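Protein sequences, first through last, are from chains A and B.
When we follow the working numbering, the leftmost residue of the first sequence carries the number 1, and every step to the right adds one.
When we follow the working numbering, the leftmost residue of the second sequence carries the number 1, and every step to the right adds one.
Worth double-checking, as some hints may not be accurate.
Claimed, not checked - Here are the simulated lysine-lysine pairs, DSS-like style, with alpha carbons at most 30 Å apart:
id: 1; chain 1: B; residue 1: K401; chain 2: B; residue 2: K346
id: 2; chain 1: B; residue 1: K264; chain 2: A; residue 2: K416
id: 3; chain 1: B; residue 1: K264; chain 2: B; residue 2: K401
id: 4; chain 1: B; residue 1: K346; chain 2: B; residue 2: K358
id: 5; chain 1: A; residue 1: K416; chain 2: B; residue 2: K358
Calculated from the structure, these hints are not laboratory results.
Note that the coordinates shown come from a computational prediction; the quantities given were computed from them, not determined experimentally.
The chain contents come next:
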Amino acid sequence: MTIASEPPKAGFRLSQLIYDTRYRSLTIQVIVFMLFMAGAAWLVDNTVRNLQVLGKDFNFGFLSNRAGYDIGQMLIPYTNDSTHGRALLVGLTNTLWISFLGCVAATVIGVFVGVLRLSRNWLIARLMTVYVEIFRNVPLLLWILVILAIFTETMPAPNAYKVAPDTGVAGQEMLFGMIAPTNRYTAIPAVEFANSLGAIATPLAPLSLNFLLIVAVLIGSVLVNRRLLARARRIQEATGVRPVTWWQSLLVLVVPTAAVLVALGFHLSVPELRGFNFAGGTNVSNSFVVLWLALSLYTGAFIAEIVRAGIMAISRGQTEAAFALGLRPRRTMSLVILPQALRVIVPPLISQFLNLTKNSSLAIAVGYMDLRGTLGGITLNQTGRELEAILLMMLIYLAISLTISGVMNVYNARVKLKER
Amino acid sequence: MSETHAQTVAYVRDTMLPEQPPPASQAGVVRWLRENLFSGPLNTVLTLAGVATIYWLVGHYYGWFARSVWNAGSLAECRQIIAATWGEGLSGACWAVIRDRWHQYLFGFYPPALYWRPVLVFVLLFVALAPVLFSAFPRRMLLFSAIYPVLAIWLLWGGSLWPEVMIVLGVVLGYLALRLLEPRLPGFAIFGAIGVALAFWAWGAGPLADALRALVPVSLTPAASDRFGGFLLAITLGVGGIVMSLPLGIMLALGRQSDMFLVKALSVCFIEFIRGVPLITLLFVASLLLNYFLPPGTQFDIILRVMILVTLFAAAYIAEVVRGGLAALPRGQYEAADSLGLDYWKAQRLIILPQALKISIPGIVSTFIGMFKDTTLVVFVGLFDPLKGISDFVRADFAWKGIYWEPYIFVGVIFFLLNFGMSRYSMYLENRLKRDHR
């Protein structure tokens, strides 16, 4: 006797679309898709009709029109005769530049503070906690405004640095003899080359040959150094004795670059007061300095917490096990602790970099001409093209964010624990 | 053991020596100082640097705080009082500006006769939060928490009560539709419920509210949106944004974890788009672009527009936090729910979400803190946030021209207290909700 366990061979019924879990998800997706398309169509239709009512069209032609406004700080050549597209590029490079410098400074601050917060020194640990809590719990805008007020209200005017001719004493001393913060700008030394090689003109910006040469030599040195270390490792694996390489590494890394710098006649040109203003160095506008300081200090507090959490996440047993294997403290750090701590630290660190980049749009509070200041600010107001300007601005920010998080995903995939 | 040694050990001490006090360097304050401040050359240098920093800060700013003036009508008067009391050429804090303008920092330009309404809303906020946060309160109170948002809207903006009742009615109708449709159309009832609620708000609510208004006019003095400012605006935007973004964020998180390709793709696109752009661009969308996306001639309140965009912004971040919570749950929880025969929504409601949300509490609170701090950015679309909007307004008055530090310190301290309090509370909550006793 056999019990037939054949599945019922009934045909497809319409109600299966609702009750059968095999088809239900398909039905739901179709409904969601229709709702989404309907919503999108509604928005697009509204936009088209609104544009008609206002007598506007949707095109990005304004980007090739003459901008007609000046920008205070720029990394690439720009005049008010340039196009709005060029102004956009100036804004974009300014955004990227302040984000880059901010990320570097915030990381330095964050690592220092994070490590010091774990220090056994009672006073320092408390001080760092106070710094972190104060900066994390107060809006970034407040820090920007406070630092701006410090610079505009309490810093001396440039001519306060004047050296009195009779006594030879300056009214105000420069920091380290080369940095002069004033209430309008901060004068810093400029890098100069006595035997400059000149620059190649590219459509974006002139590319300094000096800079290219130095970078090329540095990359070469690093590559040679890697060969050197690889050879040392081979010898160690073959004979068990690692040759002493530190002086060779030092030589390879430092000497060629130093030689190139000397050959190019590298020197710092220290700013000095001429008349009412500083000349000779670079005068960095305070809007940049203020935004940079505020972003770095604010994000530094968050990074400090990330670094602290990363170090604390590595259990004490790891250190002890490494010691038990006979590793020295430095090698324990570089071979056991850091690789594990970095795996915990890097993803949130990158997301802080992303936050910093997005927060750099607060340049609006100090008047630094970033992407929002050019494209989303003056260009928008002059051309009256809100829709195009804001959408383009959002897309550019999105592209920056997605690029950074793409890099993060690659890193995460590389350092991921290979689990079962 | 002692017997074996009885023959070998010639002398055994049978009385203990009295305990000696530890050496002076190993006891009391000295020991603590040695261990915590001067345990090595590096630590000594650090300690000295720390002491020098504190000395510098106190030396620079103590005098300024010590010479505080609380009673004055203008900054010039403050300076006169300081010069008269402590001598010429000294600077001091002029807190008189806070005494003069505190109401603008707290309430913006809200009519002073109606201050009781925002205060009542703020107090009721804690009544509404209590049953959500503490299980000791009666479950009945959750009903009040549910109607609190609508009550708060009515108290803050005033006007007739009936439009707010219509909001509640729409939700109730949607819920009824959900209960009716659920047995018949499992999995689809949610669409029906949303449809019913939307249809009611679109066509039924207006006439019904008008009719009721004519019949029973219950209303408060209206307070327009341009009267909102200061911390009233910041807290309204913050709390409103988080209350509306929580459900949306949870839905987005579930969508992102979903097996359905389309739902997942849409959720991912939305979340990544919102997280990829700065809040300030979204605020510009609220102030400049939202009118393009709505039918021609639609005009609505700037606070509402900003709140919608702030909600979408917070929802994307909350979705990521909740997704972390969902991912942290062991696979077994999902499988156990499936094996009990629970359908998707029952499994989520009874098993998955209660645990996932509990894990996400710290993240949700820090999202909220971040959003509360970000509400200061609304100044760039013309609203009066406490930090820059109100401070600039105060400085525009000739009497307070040039006053910087006191307003910033005042606002900063309030932000610090609120945010620090919230983060400490979330740590406490995290500990209390911990079920594993490790």
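Status of each hint after checking the structure:
| no. | hint | in the structure |
| --- | --- | --- |
| 1 | B:K401 with B:K346 | violated (61 Å) |
| 2 | B:K264 with A:K416 | holds (24 Å) |
| 3 | B:K264 with B:K401 | violated (54 Å) |
| 4 | B:K346 with B:K358 | holds (18 Å) |
| 5 | A:K416 with B:K358 | holds (27 Å) |
Hints 1, 3, counting from the list given before, are not met by this structure.
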